[in-house]
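Trainee: Position 92 of the sequence shown, counting from 1, maps to 666 under my numbering, and the rest follow consecutively.
Worth flagging that the hints you see were computed from the coordinates, not collected in a lab. Watch out, some of these pointers could steer you wrong.
[Said to hold, decoys possible] Across the chosen pairs, the derived CB separations fall in these ranges:
1. P615 - F649: 35 to 41 Å
2. S607 - I576: 15 to 21 Å
3. T696 - A592: 26 to 32 Å
4. D630 - E603: 31 to 37 Å
5. K582 - T638: 51 to 57 Å
6. K675 - R626: 19 to 25 Å
7. D584 - A702: 51 to 57 Å
8. R644 - M575: 52 to 58 Å
9. A592 - K625: 51 to 57 Å
10. V616 - E671: 38 to 44 Å
11. I576 - W677: 39 to 45 Å
[Unchecked claim] Here are the computed lysine-lysine pairs in the DSS-like style, where the Cα-Cα straight-line distance is at most 25 Å:
12. K675 - K625
13. K579 - K593
14. K582 - K593
15. K634 - K675
What you are looking at is a predicted structure, and each value in this text was computed from that prediction instead of being measured. Just so you know, even glycine gets a beta-carbon here, dropped at the ideal spot from N, CA and C.
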Amino acid sequence: MIGTKIYKTDVSSYPTIAKWCNENNAHIEDMGSYYEVVANPVYVPTQEEIKRMFTDAIQKYLDTTAQSRRYDNIFTAISYVNSTDETFAREAKACLEWRDKVWRTCYNILDEVEAGLREIPTIEELIAELPVIEWNDPVKEENVEEKVAEEGGTE
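Taking the hints into account, I'd like the entire structure generated from these sequences.
Mentor: This is the structure we're talking about:
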């Protein structure tokens, strides 16, 4: 249908063609004495737009993860790295190490995109490639006697 001409003397097919255009990433352009079906241009983001898209998404991901532990954002979580509270200090250290790994991974992916070694990933694909935080929660020791009692004793 791309390249189809609709002459202004007979526009009866215009509604059908317009519907097709809406469904197929095309539009109708006025060419003077007729209209023509033209493909919509494919948008290619600039390097700066790609960087901004990635960094905004990564920052949101970092902040959301820190918020899952009741911190305002990744920055406030990391600010507890020298805390006298063992839990805050441990979580801050985990966030600090994880943040560094996440940004290194992100910048490596950006470098590959800029070098033409790979396609631009979607935000979902980018997030899926990132390291997962390891909170390093202490293993809670189970009371062996309570566990045996819950299981009905020993044989």
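Trainee: Hints broken by the structure, by number, lowest first?
Mentor: 9
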